[in-house]
Amino acid sequence: MAGDAPVIVRVQTDDFDAAAETARLTGDGDAGAIVTFTGLCRDEGGMLAALELEHYPGMAEAEITRICREAVARFSLLGIAAIHRVGKIAPGENIVLVIATAPHRHAAFDGASFVMDYLKTSAPFWKKEHFADGRTGGWVDAKESDDRAREKWA
Amino acid sequence: MTKLVYFAWVRERIGKGEEEIDLPASVKTGGDLLRHLKTLGDDYAHALEHENVIRIAINQEHVEHDDPIAGAREIALFPPMTGG
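Residue numbers (full-length UniProt numbering), protein chains in the order written: chain A, 1 to 154; chain B, 1 to 84.
Some hints here could point you the wrong way.
If you want a taste of the chain B side facing chain A, the calculated C-beta under 8 Å gives, among others [as the list claims (entries may be wrong)]:
no.	residue
1	T2
2	Q60
3	G84
With a Cα cut of at most 27 Å, we get these calculated DSS-like pairs of lysine-lysine [said to hold, decoys possible]:
no.	chain 1	residue 1	chain 2	residue 2
4	A	K88	A	K152
5	A	K88	B	K28
6	A	K128	A	K88
7	B	K28	B	K38
8	B	K38	A	K128
9	B	K28	B	K3
10	B	K16	A	K128
11	B	K3	A	K128
12	B	K3	B	K16
13	B	K16	B	K38
Think of the hints as simulated: they come from the structure by calculation, not from any bench. For glycine and all other residues, C-beta sits at the position ideal for the given N, C-alpha and C.
Bound conformation, chain A alone:
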């Protein structure tokens, strides 16, 4: 039921446990499909020491929640979780987790993909690069390909 499907949204500095979060969303037997997406920090060929994630407290959580509720309604998801880390994140570490549960696989895949595509372009987070040689790089530029990815759902 779209009206009472659990929507779990968190912004946190700590790492998350994808398996534990998945277990939290399942268990009552309705779900036939779980899609779990984890976004990681790349090392950019050894150049990068860390990404620093900044967010707009309050709006970040509200915007992700709005996106998740839209995904639940649009794809009739049984549940959705979106957890985004902030602060300094080293290569290989987790940045973002999205879990969608649904009766069948297509809705779960689409729901997770929809949430990620909107989260990247509408949720107020920004990445700054810190390089392995000690230099602080610039702020990561927004990608046109991310805008196009979102537009395909319009």
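Put chain B on the given structure of chain A with help from the hints.
Quick look at chain B alone, frame taken from chain A:
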């Protein structure tokens, strides 16, 4: 007084994360606000140089540049988002 909050390179270039300012009555939209702030100093002019790139949120919701800012408690200015 209106609370303004800044993020990422907008925050760095302006040199502060937030401030409360009195806005002239002629500032009616988000776009008006950007043009007004640019008159306040070189830091603002640099941060907001490319107006069309700046994203605006009122009371923590995205708005367009030509949307009215009347009644805003908090206006945020920030670059395109790069989370995920």
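Verification of the supplied hints:
Contact between B:T2 and chain A, as hinted, is not supported at the beta carbon level, the nearest pair being about 16 Å apart and thus beyond 8 Å. The interface hint given for B:Q60 is met, as the beta carbon of that residue sits about 4 Å from the closest beta carbon of chain A, less than 8 Å. The interface hint given for B:G84 holds, since its Cβ lies 4 Å from the closest Cβ of chain A, which is under the 8 Å cut-off. Between A:K88 and A:K152 the CA atoms are separated by roughly 32 Å; this puts the pair beyond 27 Å, and the hint is violated.
Straight-line distance between C-alpha atoms of A:K88 and B:K28 comes to about 38 Å, which puts the hinted pair past the 27 Å bound. Straight-line distance between C-alpha atoms of A:K128 and A:K88 comes to about 9 Å, which keeps the hinted pair within the 27 Å bound. Simply put, B:K28 and B:K38 have alpha-carbon atoms about 15 Å apart, close enough for the 27 Å limit, and the pair holds. For a cut-off of 27 Å, the pair hint linking B:K38 to A:K128 stands: about 25 Å separates their Cα positions.
For a cut-off of 27 Å, the pair hint linking B:K28 to B:K3 stands: about 15 Å separates their Cα positions. Only pairs whose Cα atoms come within 27 Å are accepted, and B:K16 paired with A:K128 is accepted, the gap being roughly 17 Å. At roughly 25 Å between alpha-carbon atoms, B:K3 and A:K128 fall within 27 Å of each other, so this suggested pair holds. For the proposed pair B:K3 and B:K16, the alpha carbon gap of about 12 Å is at most 27 Å, so the pair holds.
As the CA atoms of B:K16 and B:K38 are separated by approximately 15 Å, the hinted pair is consistent with the 27 Å bound.
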